[in-house]
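Got chain B sorted already, so can you dock chain H onto it with the hints?
Protein chains: 2
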Amino acid sequence: MDYRDQNSNRGSDHNRDRGRDQYKRRDGGQDQPHVEPLHSIKLRAGRRNYFFDVRPTKSEQDFYVVMTESKKMDDKITRSKIFLYKEDFIKFAEALNESTGIVLEKLKALGIEITPRKEEEHED
Amino acid sequence: MDYRDQNSNRGSDHNRDRGRDQYKRRDGGQDQPHVEPLHSIKLRAGRRNYFFDVRPTKSEQDFYVVMTESKKMDDKITRSKIFLYKEDFIKFAEALNESTGIVLEKLKALGIEITPRKEEEHED
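Taken in sequence, the protein lines are chains B and H. The first sequence begins at 1 in my numbering and counts up one residue at a time. The second sequence begins at 1 in my numbering and counts up one residue at a time.
Bound-form chain B, shown alone:
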């Protein structure tokens, strides 16, 4: 039995589209939840979780990173994904570093100390 058939029988448009287009192109922004990621990291952050999945493309000659923010709001969970490909790794990391650096400078100027979140602060 093809597990993709199972997926395509589910109700939402989201899953129907995934079943139809999942291997259409590398850049399609379709996540492939039935394919185990090569590597996965979960960060707990209050009412948010962040996931970092490394996934192969169909050809298995390329790999990409999917960052997911999973957020609990009023008992609903929403997910937001950003796809990142090798050509953009450096610029993306630089832009993130520049942006967080500006926050840290501003907080330092305000005399606010930054304490990284402890694991037990997760609310789920």
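If you are wondering where the hints come from, they were derived from the structure by calculation, not from laboratory data. Treat the hints with care, as some may be off.
[What the hints assert, rightly or not] Distance windows between CB atoms, simulated:
#1 H:L110 with B:K108: 42 to 50 Å
#2 H:K42 with B:E60: 26 to 34 Å
#3 H:K72 with B:T57: 13 to 21 Å
#4 H:G111 with B:I112: 46 to 54 Å
#5 B:I77 with H:T78: 14 to 22 Å
#6 B:V35 with H:T78: 21 to 29 Å
#7 B:T115 with H:D74: 39 to 47 Å
#8 H:K118 with B:T57: 20 to 28 Å
#9 B:I90 with H:A109: 18 to 26 Å
#10 B:S59 with H:E36: 39 to 47 Å
#11 B:K108 with H:S40: 18 to 26 Å
The model shown is predicted, which means the values in this text are computed figures rather than measured ones. Glycine residues also receive a C-beta, built at the ideal position from the N, C-alpha and C atoms.
Just chain H, lined up with the frame of chain B:
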């Protein structure tokens, strides 16, 4: 005139929700497009753009980073946002670095060279 009234008169559910809840809490995940970000970076990446905005909270005693992926697919533009707060900067950057590092190792093992994207490769 209150600019929030202008927002709340727009048609989409998205904007209505924003008008209603934008200042409800720091962690609400509501972007505030009428408030200029403190700092903004745009990365062009093929049919994607990435944006990094540094924004103040309502109190102006804290700041956060919004990463946005704007993606052009079949002439439709979709946007996906990840919100990042100071408590999670270090772990987020570490997880991103670990994930992209695994991609780079895999590609190295396959003998594939990585060429960062040139500015003119943007399709828009």
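Do the hints match the structure? See the list:
Between H:L110 and B:K108 the beta carbons are some 43 Å apart, a value that agrees with the proposed interval 42 to 50 Å. The given range of 26 to 34 Å is respected by H:K42 and B:E60, whose C-beta atoms sit roughly 32 Å from each other. Between H:K72 and B:T57 the beta carbons are some 19 Å apart, a value that agrees with the proposed interval 13 to 21 Å. A hinted range of 46 to 54 Å holds for the C-beta pair H:G111 and B:I112, which are about 48 Å apart.
B:I77 and H:T78 have their C-beta atoms about 19 Å apart, which keeps the hinted 14 to 22 Å range intact. Distance hint check for B:V35 and H:T78: the Cβ-Cβ separation is about 22 Å, which falls inside the suggested range of 21 to 29 Å. Between B:T115 and H:D74 the beta carbons are some 45 Å apart, a value that agrees with the proposed interval 39 to 47 Å. With their beta carbons about 21 Å apart, H:K118 and B:T57 fall inside the hinted range of 20 to 28 Å.
The hint said 18 to 26 Å for the Cβ distance between B:I90 and H:A109, and at roughly 20 Å that hint holds. For B:S59 and H:E36, the Cβ-Cβ distance of about 43 Å falls inside the hinted range of 39 to 47 Å, so the restraint holds. For the pair B:K108 and H:S40, the supplied restraint of 18 to 26 Å holds, since their beta-carbon distance comes to about 21 Å.
Going down the numbered hints, you'll see the structure goes against none, and every one checks out.
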